[in-house]
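> Residue numbers (numbering that gives the first Met the number 0), protein chains in the order written: chain E, 0 to 193; chain H, 0 to 427.
Please keep in mind that the hints were generated in silico from the structure rather than gathered at the bench. Just to be clear, a hint being listed does not mean it is correct.
Among chain H residues calculated to face chain E with C-beta under 10 Å, some are [unchecked claim]:
1. 66
2. 229
3. 403
4. 405
Every residue gets a Cβ at the ideal spot worked out from N, C-alpha and C, and that includes glycine.
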Amino acid sequence: MNTDYADLAALTRRLADIPAEFLGEPSVAGHGEMAVAAIVGDVLRMHGLHASVELLTGFQGRSAHADRNRLALAAVACWLLADDALIGADLPHPALEDVVGALVAEMAAITPAHAFVHDAERREELVRALLAQLGLRPLGETPAQAQDRLSAISAIQRRALLAASRQAEKRAREVRAALARKLAEESADKWTRE
Amino acid sequence: MLDFLRRHPSAPVFRNASGNRLQAHEVEAQQAFEREIVDAPMHATPGIPPPWVYPLIARMHATVPHYRQRGSPPRAFDQVAPVSRADLSADIAQFVPDDVPLERMIQFRTTGTTGHPLLIPSHPVVAARYAAFHKRALRRLGIEAQYGAGQVGVVLLGFQERCFTYVSVTPTMGESGLAKLNLHPNDWRDPLDRARYLDALAPEIVAGDPISFTEYLTLPLTHAPRALISVSMQLMPALRTQLEQRFGCPVLDIYSLGEVGPVGVFDAALEGHLLLQPQLYVEILDRDGRPVSPGTAGEITVTGGFNDCLPLLRYRTGDFASLRPSAHGPVLIGLCGRQPVRFRALAGWINNIDVTHALEPFPLSHFHLHQGADRNVSLQVAPNAMHYAVPARAALERLFGAGTVVVEVLHAADKTLQYTSSLEGSQA
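Bound-form chain E, shown alone:
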């Protein structure tokens, strides 16, 4: 097998067929049943990598707000990495750590994790980004074609999310400004003061 290539279609299908167990609630601060650190450790071990305590500690969430989406996406990425063809590809360990670490964190910062499962274009984006991080490209594509397609998908998403992010910041400023207006006691009747 040519280890520079991977079957994009098979991996996106794999993603679409992800078992429910990988879409569970990540364990964060005592809530949730999916121990993502254990999943990451197990999958990396399948690739011959014994993950450090330091690495795995990063998958023990402390805050739902800060960690939940990232951990949920890490579980999804692990499902992809557990693919037999990828396991047989003898992938570089630093790249594997970067997939579950930096890549997942970057993508989770802008997209809900399960969108990468339920949305066809997001599935393709995740698989392509993962392959690129691992030094692989889709079967039948040149490096330039693979890079162009990934850039295009990511750019559209990033533009949309950048616009959404700006809108959200604008909205938050407007809410704070509205709240800074005169006190409600001067604005509306209420029978009681709490």
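Position chain H relative to chain E; hints supplied.
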């Protein structure tokens, strides 16, 4: 009506202006809301989330920035990580849904006495909705608020050095009058005007807190309202009895929070606060955020509510109680604000509820009890309650031991932390 309220010869100095700010179509909607709420069944069974929470979770993950950043909605209610007052306080804008119009947004400010100070986003319609739950509580006692045009429906009493005072009318109640008054003598040309003015207004309902009601008791009034509504802090049983006997009317002790509105009304027969909001799911969580076993005390945590500007999803209130079902709906038992505190007494460790029981015979408007590292106890009470110092000390020394208790003047004029301790192990 406004003229009558403002220009009465005994009227106080009104420092502010306000109004209901409802638009015509909102008045009808509010009346419909009140009709719906006053008799609505309390669906929720303790421990079982009602069906409406699941669309709420989905909607909040789609439209509320804080939850959108958490990612996809969880599949189960108990997988939703709770939030606390500190989360809201850090940036309240993150909890306001994207689709809430801002043009008429208003805000209420909650005190920081018992936690982080908060600005609560609201709206004139939301403010008007409080009345629906107060009327639901009144209806349980067979009282229907009836006053209309030409009458004063509600007077709100405060007693502080300075507070907002104004007059208004309530369009949902036939434009009946509403007055927010400060009983502090600073606001009156003559302290005797307070009783003259209140008798002239002859309000149907008087709302206040234990501090303002203690002052209200001292006035030479001839008029009695049909009901009193007390909020904001614990209403000691002896004070409630004094008010009931003095005015010959029921006194509603309502547990209400700025973030949530009226949550429950005390019912002596049920031995606790009966929940009031059909669209508010109340659960009790332990310190790890897990539901407690039935009947166990823990932190009151709420979901839903009637404030469209601040829908709540497993919001930890910082107040504590246990929850028990009843034929009338769930009841909060042993309500106390803040984390329960333990005290070292003659019998070993006791908790603050035991101390409250010891102080029940005394009509204290508010107080603060502290146990020092040396196990000695200081009880601070309002200046006008110092004549209870000797019997209160005796009651406490039966718990803590002879010579271990002093009673002093409390200088805080407003809500204050009731129970504190410097002893290790005092956090229950």
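> Now tell me, hint by hint, if it's right for this structure.
Now the hints, each set against the structure:
1. 66: Because about 9 Å separates residue 66 of chain H from the closest Cβ in chain E, which is inside the 10 Å limit, the hint holds.
2. 229: 9 Å, holds
3. 403: 35 Å, violated
4. 405: Violated, about 32 Å.
Checked against the numbered hints given earlier, this structure breaks hints 3, 4; the rest are met.
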